[in-house]
Amino acid sequence: MDFEQLGLKAGIEIHQQLNTKEKLFCRCPTRLRDFEERTGEFFRYLRATESEMGEIDRAAEEEMKVMRRFTYATYDTTCLVENDEEPPAPLNAEALSIALTIAKMTGMTPVDQVHVMRKLVIDGSNTSGFQRTALVALNGRLPEGARIETLCLEEEAAQRVEGETFSLDRLGIPLVEITTAPDMHTPESVREVARTIGMILRSTGCVKRGIGTIRQDINISIAEGARVEIKGVQELDLIDEVVRREAARQVNLLAIRDELRRRNASVTPEPVVVTGLFADTKSSILQRATYIVAVVLRGFDGLVGREIQPGRRLGSEMADYAKKCGVGGIFHTDELPAYGVTAEEVAHLRECVGAGEADCVVLVAAAKERALCAAQQVVRRAELALAGVPEETRKMLEDGSTSYMRPLPGAARMYPETDVLPVRIRAERWEEIELPELISVKAERFAAEMGLDGALARQMAYSEKAGVFERAVESGVRPSLAARTLLGTLRELSREGVAVDRLEDAAFLDVLTRAESGAIAKEAVPGVITEICGGLSVDAAVSKVAPAMSEEALLALIRDILATRAEFVRERGMGALGPLMGVVMQEARGKADGRLISELLKKELRQRV
Amino acid sequence: MEQNPDLPELAILSTGGTIASRIDYRTGAVTSQFDADDILRAIPRLGEMARFNAHQVASILSENMTTSLWIDLARGIYDEIRNGAMGVIVTHGTDTMSFSASAISFMLDTPVPVVFVGSQRSADRPSSDNVMNALCSASAALSDLGEVAVVMHASTSDDRCAVHRATKVRKMHTSRRDAFASIGMPPLGYVDYPSLAVRLGDDAVRRRSGEAVLHDAVEEKVGLLSFYPGMPADLLSQFEGYRGLVLAGTGLGHVSTASIGGLRDLIGGGCHVVMTSQCLHGRVCDRVYDTGRDLLALGVIEGEDMLPEVALVKLMWVLGRHDDPGEVARLVRTNLRGEIRRCSYNGF
Ligand SMILES: [Zn+2]
Chain A
1086 MDFEQLGLKA GIEIHQQLNT KEKLFCRCPT RLRDFEERTG EFFRYLRATE SEMGEIDRAA
1146 EEEMKVMRRF TYATYDTTCL VENDEEPPAP LNAEALSIAL TIAKMTGMTP VDQVHVMRKL
1206 VIDGSNTSGF QRTALVALNG RLPEGARIET LCLEEEAAQR VEGETFSLDR LGIPLVEITT
1266 APDMHTPESV REVARTIGMI LRSTGCVKRG IGTIRQDINI SIAEGARVEI KGVQELDLID
1326 EVVRREAARQ VNLLAIRDEL RRRNASVTPE PVVVTGLFAD TKSSILQRAT YIVAVVLRGF
1386 DGLVGREIQP GRRLGSEMAD YAKKCGVGGI FHTDELPAYG VTAEEVAHLR ECVGAGEADC
1446 VVLVAAAKER ALCAAQQVVR RAELALAGVP EETRKMLEDG STSYMRPLPG AARMYPETDV
1506 LPVRIRAERW EEIELPELIS VKAERFAAEM GLDGALARQM AYSEKAGVFE RAVESGVRPS
1566 LAARTLLGTL RELSREGVAV DRLEDAAFLD VLTRAESGAI AKEAVPGVIT EICGGLSVDA
1626 AVSKVAPAMS EEALLALIRD ILATRAEFVR ERGMGALGPL MGVVMQEARG KADGRLISEL
1686 LKKELRQRV
Chain B
94 MEQNPDLPEL AILSTGGTIA SRIDYRTGAV TSQFDADDIL RAIPRLGEMA RFNAHQVASI
154 LSENMTTSLW IDLARGIYDE IRNGAMGVIV THGTDTMSFS ASAISFMLDT PVPVVFVGSQ
214 RSADRPSSDN VMNALCSASA ALSDLGEVAV VMHASTSDDR CAVHRATKVR KMHTSRRDAF
274 ASIGMPPLGY VDYPSLAVRL GDDAVRRRSG EAVLHDAVEE KVGLLSFYPG MPADLLSQFE
334 GYRGLVLAGT GLGHVSTASI GGLRDLIGGG CHVVMTSQCL HGRVCDRVYD TGRDLLALGV
394 IEGEDMLPEV ALVKLMWVLG RHDDPGEVAR LVRTNLRGEI RRCSYNGF
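In order, the protein sequences belong to chains A and B.
For the first sequence, this note's numbering assigns the number 1086 to the initial residue and increments by one for each residue that follows.
For the second sequence, this note's numbering assigns the number 94 to the initial residue and increments by one for each residue that follows.
One should not assume that every hint holds.
[Claimed, not checked] Restraint-style ranges between C-beta atoms, simulated for each label pair:
#1 P287/B with E1483/A: 55 to 65 Å
#2 K1367/A with A290/B: 39 to 49 Å
#3 P279/B with G1125/A: 16 to 26 Å
#4 Y321/B with L1506/A: 53 to 63 Å
#5 E1483/A with D285/B: 50 to 60 Å
[Stated by the list, open to error] Covered by chain B, per the in silico footprint, the following chain A stretches (three or more residues, Cβ under 8 Å):
#6 1211-1225
#7 1560-1572
These are calculated hints, taken from the structure and not from any lab test.
Ideal placement from N, C-alpha and C gives every residue a C-beta, glycine not left out.
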């Protein structure tokens, strides 16, 4: 596909959790918990409220099609604010500082006053029914030129555990939301911009890491298509695939539209009740249903079943719309006979609803109210197919295809959060912000100044341990030893089940400096760290694992070994060094440093050759 | 709005408060502007339950409530009952709702339910408790109840509302939905949600035939003072010229020995002093310790197991009708509207 020619326009919104001590609008820790640790549960109903103009937001209205009861789990680390039982505390100053730092790093202009707004969200993920968000800065630019439109501070939503049950531990964790201009024209450029923003965010050293702590929403449209927002892309490497598939989806939907128009297709808005037709059906779904309705789509034959994305058809889009009414899915004649529905039943159905060969019939089977609601949704989606690509919010499926979530939110969705006072950003505060070194710059410095090879330098710079690394090097540890231990040894130990998270930086630095000075053998480092993680002090761990052998004792050991292998030494001369080194190392069992052993052994050997 | 003539008639009187509030975009604050039609539009299910007759008595934040507005409210409710309302709903800000509810309880002897309702989370938010509280209050107003009550969330979940006796209820939390609690007795009953089924306990006064009786005189010159350790003795002299003073004393109903003189002066000057307890739960007893016996000797009236605010409202009402010290003391200590329990509640 030639994306430039398609008129591809894409922008991204990045949501990154901040690693603050407390939440954005309460003083609870930003700690995630296991559902099993919950201390209580409560439940609520949410309803769409009228805006000041007296209209209900279309996205909110969609969520309200069925009355839903939401259950929330509380913890000993959540409070009444998460429960929507207490007004929010003032905006977290630490979170604002991090947001301002990021804004300054990307050359943005801060707002004079930060005003907190409410964004209507009634899918249950916010106990209040809205998400609080505040614009912090505007108009920035990335090093490669992409424009950043806005930076907002937001509160994270509650985590859906399953069904309509949510966990309140995540609700209220501060997020920054960075929105780029829709300036990107190729799938790869979208991915690269996301990568750069991610790198900048990590450079602050103040963002959370790990699965789910950063999410990308992608806005995409092609010429003649429509703006579609794809929510929650977590893996960076999938971004370009998502963009490609959405562009393809829009191309295919436009082709379907053109074909429908050529065929003079139309949608029959009134569904036909066909429950009686399936009284003796073998299809278990139709058997179970108390009410079956058919929607006739004139001229749609073959198009409802046409693939628009890998694994997705126009029919899948209709099913997504129908599911909003609480039905499991739909059947359509492009895929029938199948699922226990016979060819005869299909023919009979076509006859009864007056559908010809060029038409497609969609079936919805459920309880009466739901079936009628779902049929209306199918009609709506079919009409949208005649118009082309609908504006939608979609969610990413595992492979990079997407499914429908809700219409794009209307403008009525934001209103002021009256419980939080605005925060003025003084010029001095902005001036005082010190910019952290970018990880990309740090990687170059690690390579140039510390002699790490490019890949290792990059890996070290991106690591959470970069700070410890620099401190180790400052206190005299060789960069290669520090990097190898931080990136290699710790990971291996962690894989073996050692609780390396418990290793404090100070203890780690202590071990490394001892290894560097030869006070403990490098070979003993993994064993020492294992003991420290098991709860021992550095001294105790060292004396347990690697009581250092004195130089005299080592010398005695070497002389002893040389004496018992005098024959071998005579035969091989200095060539005995390598093999004997192994013997001494084994005998010393990590209690002496390899370099010292090598030095002494070489000297002793030379005297004998 | 079209209303179904076959349904029973309920009256909604509004005084303002969160149940009817919207955001004021001028100040950014939540203000209270009410149009009764707004409520029906916002809560369509109400229209399936009853016909509504709606009036705005006041449009104030509840901290600005006054005794003269209590009188307006009592007269408004009285008129609605005389005009055939099957029950009356009063929307009210939650901060002083229990004061107003107990005032109406004394001022109006009602044969039908008079239900006070409000909300703790403003109506403009999708999670507001206003819809559930309003529906439950309407169901209570149509029920077999025959007294003044407060109907609010019974728990943090949207599972049921509690029906509290007006003279035994208190706001016990600044912000939670279930802030209102019955003190000194269990709630009169519950209204389940979303079924709106009403369950009343044996204690609840039942709906009866007969006319409502209005006694709407109140004495404004009555004070309420919470005693604290080290309270300057001359603070009491601020109440000189007052016809009544309710003390929220410590424990069983005490103030310091240093306050005795000041109280003697007040009582000598014609002020009726009623003792209640800061404990809120339990009964006052001034016969156990010396200070208590001194207080009784001065003529301080024991407020039994009345809440301090209820004793205040009751004293205002009693003094609106009586002057004679003996009669005042007798009425204060007599149960009139369920505010005094003959046997102390053994729950807590
Ligand atoms: Zn909290």
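Results for each hint:
1. P287/B with E1483/A: 55 to 65 Å: violated, 37 Å
2. K1367/A with A290/B: 39 to 49 Å: holds, 43 Å
3. P279/B with G1125/A: 16 to 26 Å: For G1125/A against P279/B, whose Cβ atoms are near 23 Å apart, the range 16 to 26 Å holds.
4. Y321/B with L1506/A: 53 to 63 Å: violated, 32 Å
5. E1483/A with D285/B: 50 to 60 Å: violated, 42 Å
6. 1211-1225: holds (count 4)
7. 1560-1572: This one is violated; 0 residues, fewer than the three required, reach chain B with a Cβ under 8 Å.
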